[in-house]
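K.L.:
Let chain A serve as the given structure and place chain B on it in line with the hints.
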Amino acid sequence: MSILRVLVIDDEPAIHRFMGPALTANGYETLRADNGADGLALAATRQPDVIVLDLGLPDMDGKEVIRRLRTWSDVPVVVLSARDREIEKIEALDLGADDFVNKPFGMGELMARLRAALRHHIQSKGETPVLKIGEVEIDVPRHRVMRGGEEVKLTRKEFDLIAFLARHAGKVVTHRQILKEVWGPAHEHDTQYLRVYIGQLRAKLEADPANPALVITEPGVGYRTGD
Amino acid sequence: MSAEEAQRASPEALLAAAERETRGKLRIFLGAAPGVGKTYAMLSAARAAKVAGGDIVIGLVETHGRAETEALVEGFEVLPRRGIAYRGRLVPEFDLEAALRRRPRLLLVDEYAHSNVEGSRHPKRWQDVQELLAAGIDVWTTLNIQHVESLNDVVQRITGVRVRETVPDTALQKADEVILVDLPSDELIRRLADGKVYVEDTATRAVQSFFKPSNLTALRELALRQVAARVDSDLVERMQGSAIGGPWAAGERLLVCVGPDVAAERVVREAKRLADLLDATWFAVTVERPGRILPARERQRLDAGMRLAESLGAETHSLVAADIPTELLRFARFENVTQIVIGKARRGWLRPFRTSLSDALVERADGVSIHVITADSPETSRRGWPSLPPVGPAAGYAVAALCVAAATLIGLALTQLVALPNVSMLYLLAVLVPAIRHGVWPAIFGSALSFLAYNFFFIDPVNTFTVARPHELLALVIFLIIAVLISAIAGRAREQTRMAALRTRATRRLYEFTRKLSALPDAPSVAEATAAEIQGALGRSCVILLAGTQGGELGVAAAWPPEDRLDTASMTAARWAFDHGEAAGAGTGTLPSAPWFFLPLAGAGGRIGVVGVERMPGGAALDSEGEAVLETLSDQAAAALVRARLSTEVVSARTAAETERVRNILLASISHDFRTPLASILGAATSLIDYGGDIPEAERRDLLNQMREEAEHLDIMVRNLLSMTRLEAGALDLRRDWIDVVEMLNRAVSTARKRGAPQRFAVTPAPDLPLIFADQSLMDQVLGNIVGNAVRYAGPGARIVLSATVIDAQMVIAVTDDGPGIPPETLPHVFEKFVRAAREAGDGGNGSGLGLAIAKGIVEAHGGTVAARSPAPGQPRGTRIAIRLPLDTPPAMEERER
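Chains A and B are the protein sequences, given in the same order.
Residues in the first sequence are numbered consecutively from 0, following numbering that gives the first Met the number 0.
Residues in the second sequence are numbered consecutively from 0, following numbering that gives the first Met the number 0.
I should point out that these hints are in silico values taken from the structure, not numbers from a laboratory.
Keep in mind that the hints are not guaranteed to be accurate.
[As the list claims (entries may be wrong)] Pairs of lysine-lysine residues, derived as DSS-like cross-links and limited to a Cα-Cα distance of at most 27 Å, are as follows:
{"hint": "1", "chain 1": "B", "residue 1": "Lys49", "chain 2": "A", "residue 2": "Lys102"}
{"hint": "2", "chain 1": "A", "residue 1": "Lys62", "chain 2": "A", "residue 2": "Lys131"}
{"hint": "3", "chain 1": "B", "residue 1": "Lys49", "chain 2": "A", "residue 2": "Lys203"}
{"hint": "4", "chain 1": "A", "residue 1": "Lys152", "chain 2": "A", "residue 2": "Lys131"}
{"hint": "5", "chain 1": "A", "residue 1": "Lys179", "chain 2": "A", "residue 2": "Lys62"}
{"hint": "6", "chain 1": "A", "residue 1": "Lys156", "chain 2": "A", "residue 2": "Lys131"}
[Claimed, not checked] Coverage of chain B stretches by chain A, computed from C-beta distances (three or more under 8 Å per stretch; other residues unrestricted):
{"hint": "7", "region": "256 to 269"}
{"hint": "8", "region": "522 to 534"}
[Unchecked claim] Restraint-style ranges between C-beta atoms, simulated for each label pair:
{"hint": "9", "chain 1": "A", "residue 1": "Met145", "chain 2": "B", "residue 2": "Pro822", "range": "52 to 60 Å"}
{"hint": "10", "chain 1": "B", "residue 1": "Arg759", "chain 2": "A", "residue 2": "Glu187", "range": "39 to 47 Å"}
{"hint": "11", "chain 1": "B", "residue 1": "Arg759", "chain 2": "A", "residue 2": "Ala43", "range": "49 to 57 Å"}
{"hint": "12", "chain 1": "A", "residue 1": "Val139", "chain 2": "B", "residue 2": "Glu711", "range": "35 to 43 Å"}
From the three backbone atoms N, C-alpha and C, an ideal C-beta is built for every residue, glycine too.
The following block holds chain B by itself, in its conformation from the complex:
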């Protein structure tokens, strides 16, 4: 691919942007669950937009009788619903036809995922919305995350509730804006308890299981991720649209199938290598069969594979289909994939197929090359041991022992008083306490102690460990089994509660962190925030090293607590981690003597740096939980860093393009605008030289006058160009002085008259105007340009009024004419460079289109503003250009005489 091609904007991105121009814009208010306040948020935003002035109509809003929501609807035009006969009753539905007829600028349509009743034009509401968008109507709508098709399965897995109404992912992706409406889980539960959440046709039990804190946390996380992913893809699209160099390949497109087997990561890396060789865009895809839940270990491997692919620059997709090869090929065709990479696996997700997936693909893929990567190690998916909970501190065992002792004493005391048939119950109680408070191992220890104590103190022969009667031995064994089971169950419950609490905390933290990052403007501030966050989360010093933009050396970008350099051993470890894309330093197999543990930061498009965490004094590495936290945070940071870098690049590329554009227009403008007067001068002069004798006196004078006028005009243009250059270079130094505005207005009029303006002028200043503190000759230029503009475009019969008055401590100087005015489509651009009223307005190429741009630049340099209105206020036509300048208080005069 040549360099030029690399810089050209991708046609897909431009097409998508072009399509979006004419289509209406879709904004989705996305929530994690019902009741977070999406409709409320949408209506509030609409109210704000309405205040700003906008043709906003409510197509359909479900208030569910909530008073505060209903209050928001008031004042809006609401389309009446259409009754559709269904099973003998009228169902009020959204009236698409009426909406299309009404054609508002913006239409609010609640509940994007709604299924229309039979007999409607479309089966689904999102299809209605698509039609509205196609008709050029902007639409705002609401959506819960569980209604997104691809997440449907995940949601069911999390909540156990099957959502029937779904929206295809494309319908979400096509949204121009997605706004996350978020509410903390516990608040949502409180709202639910207060009856503020409306959930339609769902059984109460389902609702209860749905609105569990753990579910809500997971759903929030899903919604958050969805929105975060959109931010990234938006940026990439903009980059492609702006033709910024990057790994945006065309031509070959490669797809790698990621499975839950051990070879997944190797296959992904192999695919990445191939994609690099081919300079290809690549996708990582996993296909899951509906309803199948992967064992945790396989899920982890699959996730790791996909994460790796994503970090290596692949576009990742999770598909759900019963027939894996068909789905893969369908996706491949849809994305124009030319190469498929797949691992040769024998187990796991391919089990249901007689032929292997690779064979099936080879057999059926026409025109697509298939690469089968063979596993090089005999290690297949070895079944791992389920991880065991930690042994725990000694305190738990002491508690267990104490409980057993207490149970024994109580048991002995009770048997003295009453004949207790089942002392074993007491021991079960004694086991339960450590199980709940200290976990599995202390509880099992307690069970063993209880077993011994029960045997010793209560089973005949008492005070021995022997058991006389066989049925008592049986009872004893059963007791032991029950005790151990209780320990395990209670211990696990405790473990789960702890994990859920941790997860909630982590999610909240992650959410806040992501939100913080998204607000930061550049890479250094992202690095700083990340270092502080990681230090806060892990309680250890953190350092972020970033590579220079052009693959430069690693350097410390941020550290918490602040630090600006690392010792040589640490730098070596950091560099190794960066170069190899693996962890290094303390607690790893590479350079473990370094005092830091380094993890590479990888975003789409490659590694960008490393994050380092200081070793504890004891030399302990991070525990697995800490490592997970670190990984999550650095993932977010990497994405934000890439985003920050990209946006910097976008800005600089845009600036460069803008400079280039201005230079081109300037050249074109100069060559045209300067040649026209020059041609007149040259023509008039040569006429006089060659035919002067034959030209009557009056016409000779006219030619000479023409030469003079054109030369004067050239002078003005040169002056404007000079000012423009100075303004743009920031080299305009104001020589401020106290200026009499009335005098300035009069001077502008007499200058215009001197230049031959035929219009009638009037100067109407308010009485007793204060002086303004400004650069006199620049302000003369401003006024001269504005008046000149009026002279040029208002027509010879027009009346031009120059007025000055003080409004709100500002000097308002206005030039108003009663000419034809400025066309509405030009009005917003009159102060831009090289914009001028249409040539056919008799302009004849006069003016370089710089006059008003310079006026604006100069006024703004004075801290003022300038605005154009057409038709002029209070007039049926004409133009009014008003300058507003801040007033300064002139220094007091000592001896004012009258």
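Bound conformation, chain A alone:
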């Protein structure tokens, strides 16, 4: 496998300063862009495998970068955003970003997100009938869910939900995305459905429902499927 290429779009030199060496140390090739326009140009010309994008850019809104990028590329995008800006994050995810990291962040966390995004991206190229999250296998055509070799009985909605989440493994999906897909556009805002069903799924699938590892809540944003 060739060396993976990461494009970092951020206007802060300090971020580039520590990210460059850390990414190199992890075996990535790093591309640096200091504004949105340069970032889009580099994304088009150098074909990065994954993009790290700061939402606060001097020349254009980071969300605008995602919108334009998504018109011609499905490269995974991990967004950097302040913790208390949930709306910004949700908008970025709905526009097609794959994941987000709260600023300030630890390098270990960012690396984990990059790895997950890359893996998911490669996985989703080939459609497999059996999805896996941790110990759980979801056999979509047969409508069966196995955990540690044993079948787990799920209701239809529970199954639809876990299948949807599994299809988006390694990504953060917003409440709206899940509700729209699983319950239909009329239920886009009925988050209480999600709370109840996620609770039921955890009870049936998680080894320790109090410390979920399969379906992780991103407070105020949505859910992430663990790996």
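P.N.:
Just chain B now, kept in the frame of chain A:
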């Protein structure tokens, strides 16, 4: 005086406040007369306080055997009385020593004015109370207005009863609270008749003369005024204590002597001018000799002078002393007066002195400057005519004529039947009827008619106006004199009855008005209530104009019936009245063509506006009675307006001071709390840069970990500061969503563990908890802060329990630890900004003291509450912080599957 000095709180006010902090608090239940229910009110209040939890003991209560009062005593601890031997018998008295030994939080001691029997520690009970207060015990007591020393004379004048037991005014002024216990006069009289009022050792006749409606009304008025005056002085003191700019001068202190002479007002104005020049505090003082009753006209002038002084900003005092100059100088020294202003008068109150008062003062005042104001007009106290009652309507004269005619007919008829020796009696009867029903003038008219009729019909020669016999002429003249006298007496009695009824009505009205005003929060509502009241009392349209706070233009503040502007002529008159401090407009000498009559509204510290009353269609000015009503009401309104304005200023000044304080603490907190982690990071980083090679691997990792932890800590602090700023700016917008509480509790625990919390955690939710509708990331922050607080202060070996349950339709989320707990003195403040447990608890400067304040702010923004308890309920120690959030019903789900 520099601007800074002007803003500094007066040391006297602060000292008085400081003294009050450590002293016990005194609450006086003040009544106008015995029997209004002071003891009852005190006991009822004490019962309520006892329910709220309080160490309340009855030191002494006189129930006078009233069952309902005795019932209230039940359940209280009552100190036994101490028997003191006096004239061969034991008198049970209040036991001061026992009270001091018992040291309750609050002690009830009835009858503040009581004189102790000989052999007690203090001669007076109020002195016992002072000692209790000094010992830090709160005291509630009762007092009748007639026992107040300075009012003693007034009360005697009103009631004719001399009260021997008195309390000095300072003992009343020192009370932290005065509560007026009021009862309408007629109700009190009914209670008296029912035997419900106990009056000790007073002869029945004295009691009867005391409990007359007119007396009781006057006493009520006195009590009311006393309480109203206190409200004003409380406010002024608070203003001084809060350092609010105003005419609070220090340095020069000026005293003006106000007498009953015509020059009084001029002397007061002169003193005001001087006080302004010197920027001095000033007092207006009048000294009366005990037992001397001023003629009505002089009393009026004296009152007018004092009222004027008060409205011009003077502190007024009425003193009673036989030796006027000595008393004046004593007062002057007591108040540190530096200048005395006095009018040069030759008559009136100075008559008993050979040398004039001014001469006496000049001779004896050391270190005090005396200003003598000479009278500039030759007009001395001209003796005025006593005012005569009004002539009255024609109906009265018709009645008088009819009565005389009837008496004549009856007289003629009777003399036909029997030989009536004294027909004149019949005529006296005829005079009496109009006298009682219509007043003096119709009665005198009746007397004259009777005289003529008696002469014409009954005195020989009959049917002529001539009188034959001299002794009959004499009888006729005597008859006339008697008739006129009866007319005068009966007429006056009628006039007095009418006046008394009017006064009672006015007093009641005034009382209700004052009570209404005291409840109003701001100047506009006071103005509105006043306009409506004056319109109601006078039956004419009323308008109130107020000047802007910074000496701005006059503008209509309220009117009844509503009106928002006045024509130019009226505005000119209003402005003139305001600028000159005198009445103007309709019915006055200034701009009489204006359709309104304007009276300036003046409170302490200057004029604040004018009150206007519309002219009657006929163009008549207000009669003197109406003018008096208007003056009384506007006086009350002015005081209330000043009060409302002051309290607005107090509030805004307090807010400004609070903002300033928070900003300072914030800066100090930021510089300290941010520097500490920054210092660690910088120190660790430079160590690694400079000596990295010499540091063993394990320690190098430790330094790097320290840098990471401190940076994470800084992140939390920045986040909290941001939230605080948003909370305070009201810019926190909640993104509410349905939240699973159990999940939230678990997440809080795992976050705390991730941050390295060494404690043992347990999550114990009740089964089947409903979802809550809240902002998830904010609630995470709340829980994170509370758990973080427990982690920081409970100690590494502690156990932290997160629980959730539903109580009374509220979600109760609690974080309980078994650490050392919060000290009781800190407990009430844990949710305030920048309050944190003592540094020496190993905190090392972590946390900005904002965590719990933010938690509280966020929870309250959700409509919930948060409370801390230490020790935690059901535990010997530890802390429990509980959040209560209202539950919303989640929308029903269409297809719930199981």
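K.L.:
Going through the numbered hints above, which ones does this structure break? Give me the numbers in ascending order.
P.N.:
1, 2, 3, 7, 8
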